[in-house]
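A.B. asks: Each chain, letter by letter, is given below.
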Amino acid sequence: MKRTWNTDRRSFLRGAAGALVPLPFLNVMEASAKNLAGEVESPVRFMTLFKPNGVHPPSWNINGGSELDFRMSPLMAPFEKHKEDLLILDNMGDFGFSSHANSARRFLSGRSDNTKAASMDQVIADKIGGDTPQRSLELTTEGLFTNQIGCSYISYDQKGDPIPRESDPQLVFDRLFRNPMSDPRRRKEMSSLLDRVDDDARALLRRTGREDSETLDEYFTVLRETEKRLENIGQSATAPKVDFSKLERPPVAGNLDEQVETMLDLVALAMWTDQTRCISYMLGNSNSRMIFDFLGVKEQHHYLSHFFRNFTRENIDGLLKISLWHMEKFDYLLTKLKSYKDHDGTLLDNSVVLFGSGMGHSDNHTAQRIPIVLAGGGRGKLKTGRYLRYSQNQDLSRLHLSLMQQFGVDAESYGGATAPLPGLDGGEFEEYRERPFDTWTKIGKGQITVQGRLRMSDNLDEAKVFYVDVKDKPPVRVEIAFNDFHRFNFPYHVGTPIQLKGDSSQKDGQLVMTKIIELKSIFGKSKPGTRGG
Amino acid sequence: MVGASEGGAFEADIQPFLKTHCLKCHGGEKVKGEVDFSKIKTIADARADAELWETVSFVLEDREMPPEDEPQPTDGERAEILKWYEEEFVTGVESKPASYKPRRLSAPEYRNTMHSLFGFPLEVNIVEAEQTVVEKSLVMKLLPTDPPGESGFANDTHAASISTNIWDQYSYLADFALEQLFSPDRKTELEGLVGSSIKEQLSAEQAQVFAANFMERAFRRPAQSELMRQINENLEEKEGRALVDSLKLEMKRILMSPAFLYRGHLMESDGEGGAQAVDDYELAERLSYFLWEDMPDEGLRKAVANGGLKETEAFEAEIDRMLSSPKSRTLAESFGVQWLLLEQIEDPRKDPTNTYALRSQPIDFLHYLFTEDRPVIELIDSKTTFANNVTSKYYPKDNKQLGKFIKPRGIERQIFANRKMTLENNPERGGIITMPGVLTMNKGAILRGTWMLRQILGEHLGEPPPDIPPIKSSPKGQNLSFRERFEQHRADKSCALCHDKIDPLGFALEEYNDQGGLIGKSQTKKKNSPAEPTKGIDSSGVMPDGTKFQNYAELKKILLTSQRESIVRNVVEKMLAYGLCRKLERNDRPTVDALTSQILEKNGTWRDLIHGIAKSVPFREVVFQ
Chain A
241 MKRTWNTDRR SFLRGAAGAL VPLPFLNVME ASAKNLAGEV ESPVRFMTLF
291 KPNGVHPPSW NINGGSELDF RMSPLMAPFE KHKEDLLILD NMGDFGFSSH
341 ANSARRFLSG RSDNTKAASM DQVIADKIGG DTPQRSLELT TEGLFTNQIG
391 CSYISYDQKG DPIPRESDPQ LVFDRLFRNP MSDPRRRKEM SSLLDRVDDD
441 ARALLRRTGR EDSETLDEYF TVLRETEKRL ENIGQSATAP KVDFSKLERP
491 PVAGNLDEQV ETMLDLVALA MWTDQTRCIS YMLGNSNSRM IFDFLGVKEQ
541 HHYLSHFFRN FTRENIDGLL KISLWHMEKF DYLLTKLKSY KDHDGTLLDN
591 SVVLFGSGMG HSDNHTAQRI PIVLAGGGRG KLKTGRYLRY SQNQDLSRLH
641 LSLMQQFGVD AESYGGATAP LPGLDGGEFE EYRERPFDTW TKIGKGQITV
691 QGRLRMSDNL DEAKVFYVDV KDKPPVRVEI AFNDFHRFNF PYHVGTPIQL
741 KGDSSQKDGQ LVMTKIIELK SIFGKSKPGT RGG
Chain B
597 MVGASEGGAF EADIQPFLKT HCLKCHGGEK VKGEVDFSKI KTIADARADA
647 ELWETVSFVL EDREMPPEDE PQPTDGERAE ILKWYEEEFV TGVESKPASY
697 KPRRLSAPEY RNTMHSLFGF PLEVNIVEAE QTVVEKSLVM KLLPTDPPGE
747 SGFANDTHAA SISTNIWDQY SYLADFALEQ LFSPDRKTEL EGLVGSSIKE
797 QLSAEQAQVF AANFMERAFR RPAQSELMRQ INENLEEKEG RALVDSLKLE
847 MKRILMSPAF LYRGHLMESD GEGGAQAVDD YELAERLSYF LWEDMPDEGL
897 RKAVANGGLK ETEAFEAEID RMLSSPKSRT LAESFGVQWL LLEQIEDPRK
947 DPTNTYALRS QPIDFLHYLF TEDRPVIELI DSKTTFANNV TSKYYPKDNK
997 QLGKFIKPRG IERQIFANRK MTLENNPERG GIITMPGVLT MNKGAILRGT
1047 WMLRQILGEH LGEPPPDIPP IKSSPKGQNL SFRERFEQHR ADKSCALCHD
1097 KIDPLGFALE EYNDQGGLIG KSQTKKKNSP AEPTKGIDSS GVMPDGTKFQ
1147 NYAELKKILL TSQRESIVRN VVEKMLAYGL CRKLERNDRP TVDALTSQIL
1197 EKNGTWRDLI HGIAKSVPFR EVVFQ
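Chains A and B are the protein sequences, given in the same order.
Using our numbering, you'd call the opening residue of the first sequence number 241 and step up by one each time.
Using our numbering, you'd call the opening residue of the second sequence number 597 and step up by one each time.
Since the hints were made in silico from the structure, they are not lab data.
Do not rely on the hints blindly, as some may be mistaken.
Stated by the list, open to error - Below, computed lysine-lysine pairings styled on DSS-like, alpha-carbon distance capped at 27 Å: (1) B:K783 x A:K468; (2) B:K795 x B:K783; (3) A:K538 x B:K1003; (4) A:K486 x B:K844; (5) B:K979 x B:K1000; (6) A:K399 x B:K946; (7) B:K1016 x B:K692; (8) B:K1068 x B:K635; (9) B:K737 x B:K1000; (10) B:K620 x B:K679; (11) B:K906 x B:K1153; (12) A:K321 x A:K581; (13) B:K795 x A:K428; (14) A:K623 x A:K711; (15) B:K1000 x A:K399; (16) B:K946 x A:K356; (17) A:K682 x A:K755; (18) B:K635 x B:K620; (19) B:K1000 x B:K732; (20) A:K538 x B:K732; (21) A:K399 x A:K428; (22) B:K679 x B:K628; (23) B:K989 x B:K1153; (24) A:K428 x B:K834; (25) A:K755 x A:K713; (26) B:K1016 x B:K906; (27) B:K906 x A:K486; (28) B:K628 x A:K486; (29) B:K1179 x B:K679; (30) A:K561 x A:K581; (31) B:K989 x B:K1000.
Model the full assembly from the supplied sequences, consistent with the hints where possible.
C.D. replies: Below you can see the structure in the form of structure tokens.
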């Protein structure tokens, strides 16, 4: 029988009028919102959402604009409507080539060499978890990638060991809402069951007529303990005021899209009902092998993300479709969090969401200009509606230290950072500023040297082509093989002025550089950081 | 009756001997090598640990104990103890079944049983990506891993008691299975179990028939009438949703009952108190969990119903049918892996594709030995092996038989199944010991020797003492090899006790490096040059009995001849313990002896051994206490 997913899921969590609240909660919402956790103030939640495989930088980066006056990039379009709730960070990361595993570690551990410490989400969970039924949830979409195990984890425990993740929304739902301790109906069922099996086990004892009942003694002990646990829950003053038994278990997802949306539904529900206050969720492994056939994309994501090496127009289109889908899921989460009333605001107002990746350019794995977006004010922790482009490349560890401190963690350093990242709460920070520079072209015999700003082509038909812009002249087109692209780390310098020397030719009056001899950065470093960043 | 004496000799001769010669180090103040004689106070205590006394007899016979610098017993005294051992634990022992103790299903047994019972596996439901691994089985994901029991095998769950955590997981798994069964997706399975088609909704009558059927299969024997009466009562006159809810509760009751979760709560005592034959249901269950790690299937249940297990021929046919089923792979995957510690095989670079290749090779080989009627001793030397694209490099020339392994486009690493191969050019690779994964698993001569001694020859070695000094580096001016330096290091008598046995075995494999390749042979590059031993490597040795060998090829001959009995005996003991799901006891000795000589006499096969175990006294009989 073919399931009609849409009806099922909508009746699970959406009212017929499209109200984005769980149906059974409509009537209890107002009442319970005030004292759901028995606290006057709402707790502030922390949630991270990891996007695999970096981005196609020209589609992601915001070029130009300022802190309060900026235009969001094409890839940000899906969540543009949340602009006032966002804090978009730029110039995050300063590292040359990152493996996928390192990029996953970097995302929540600051630097890839911070391997003996808890990731920041876990540090925060320890601080804010309180006595919620689940201290934290670690979720994912994809199975383990065992060839490079680090690709599959962003959350790490105190020793720096990976924390197992759950990918099945049904199991997450069951863990949250269908254990006998959280669900009165299950409790009742368990009581009836205990009565029956107790009788049956006693009958066995009589039947075998055996003195030896060691195993049955153990069994009876477990029955008694379970009974005791049920009684204690029944008397507890902090028993949940929300009747979880009315929630329907989400059906099995038909495709990835449904699976992820269901999981995000559960994320919001879990945080709103205060079952947990800290969640990390990977939209895929850092080298995600997912196939997005429901988007009409047949190649796997990781293959497409190497868009320079595997360049075809079809491939880059596929890659962008996938990236847009990730952005849509971020939008889905934010919309969901806003739909829940939580004390005097929305759930998003009382949360901090960290969305992003561990690398920037997805083919070259450059860990610089890493996509990082914060959302939700966290009740005054962040000042949103802004775009912060730092004057210098920043390790993610500074961001992490800031967030940890905002959540009240008593830490003075984290992952090598000894000072927090300024500006998140509206304080001062050093903003990126253009500096004037000359542009020129020197044409030699079969060689040219050009000085100007490097950019990637924004024409997707030639997405692997770069240009160096020269004032009042046509730009120099850079059409190079992967070897030069990678060796000189072009993605690292994109958007900045450089001096470039190389073999060139004229094609239809256009200067084309085909082989690089030298690349010099005018203001910055010619090479990015290389140690553990 | 039991043994030659009723404890008289133990008190008169053995205890004074222990006091004079043993207790100083083994009991009292010190407990060396985990041997503590102070705990053995009566003949019953002594009889409870046959393994210990076997070791005692060996060390006395070989004059390994007491240590040279301690007062020595006279030859007469030694002989007295050995005679007592023979009478008490070998010749004087009568074959007797062990007492019947229920035990909980192990996690894999539970997984397979639930699968068979419901007709579908309990699995997680998520969208899968290429080249990633998900623990598909919900059971294995939720239930804690069973620790090995006293027998060394995880199916010996006697000591792994149930806990509230495990109870919660069972409850969750039962709910999960039941919810699935009554979902529209599983209508076919449900109708299959009910035995008739369901029109619109289940009728109370259908539910009652179904419950009876389900109980019979779940309990692995005919339904219990009193329980069935109660269940029928609870289902009566219900319909629709209420009926299904009641049915689910009654089914969960069955799934949470000790009669399902444990084995051994239902067979009844004949009241005589002595040995009694297990009934046919118990026998079928024993066979099924031994060979399949699963509950009896339809065929086996029919055989029981027809009285088929009572006839030797039909019983044998049933075993052969089970061995030829794909389910029998569990013998290699559970028994083989646990016995030979194959779980520890890992690629030195931790590459999962390579690890899979190295680990699956011995498993495929064992499966072949177990199910294709191969002689037991082929464990040590065989013409047949299995390899895939990763392991083929270890078999120059012969690997041509494997054909090509072609990866699909865009896939960086592909795991290929092993293919069968006949060893024409690489005879040294025949048998389990020189399989690349096994060589990789144990790095260095000492660990390799220890593994061979324990796992293959079945010697019970104590743990090394905690206070061993590090091996000295080569003195100036001398360029000593590790082997030479190690020989100086272990010159100490108490070290030599074990190392005289370990080292020759381990150093015989010196020609193989930590990656399992032959040293000096660049096997990865010159695929077509047959492997030859390298000069300059000392892989010679002397066995404790003085037999000399030059290299592993010669040691292998020794293993196949003078060590053959030890190997076969070890195999028999290990498989019998696995089949019985318990540690072997004193009264199992005659069974082990008989099976060992059967295999030795006619170059018996693994199939012969499995048949022998299934017909043995400890498998077929029990004592109720």
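A.B. asks: Which hint numbers doesn't this structure obey?
C.D. replies: Going through the list in order, the structure violates hints 1, 7, 8, 9, 11, 13, 14, 15, 19, 21, 26, 27, 28 and 30 and respects the others.
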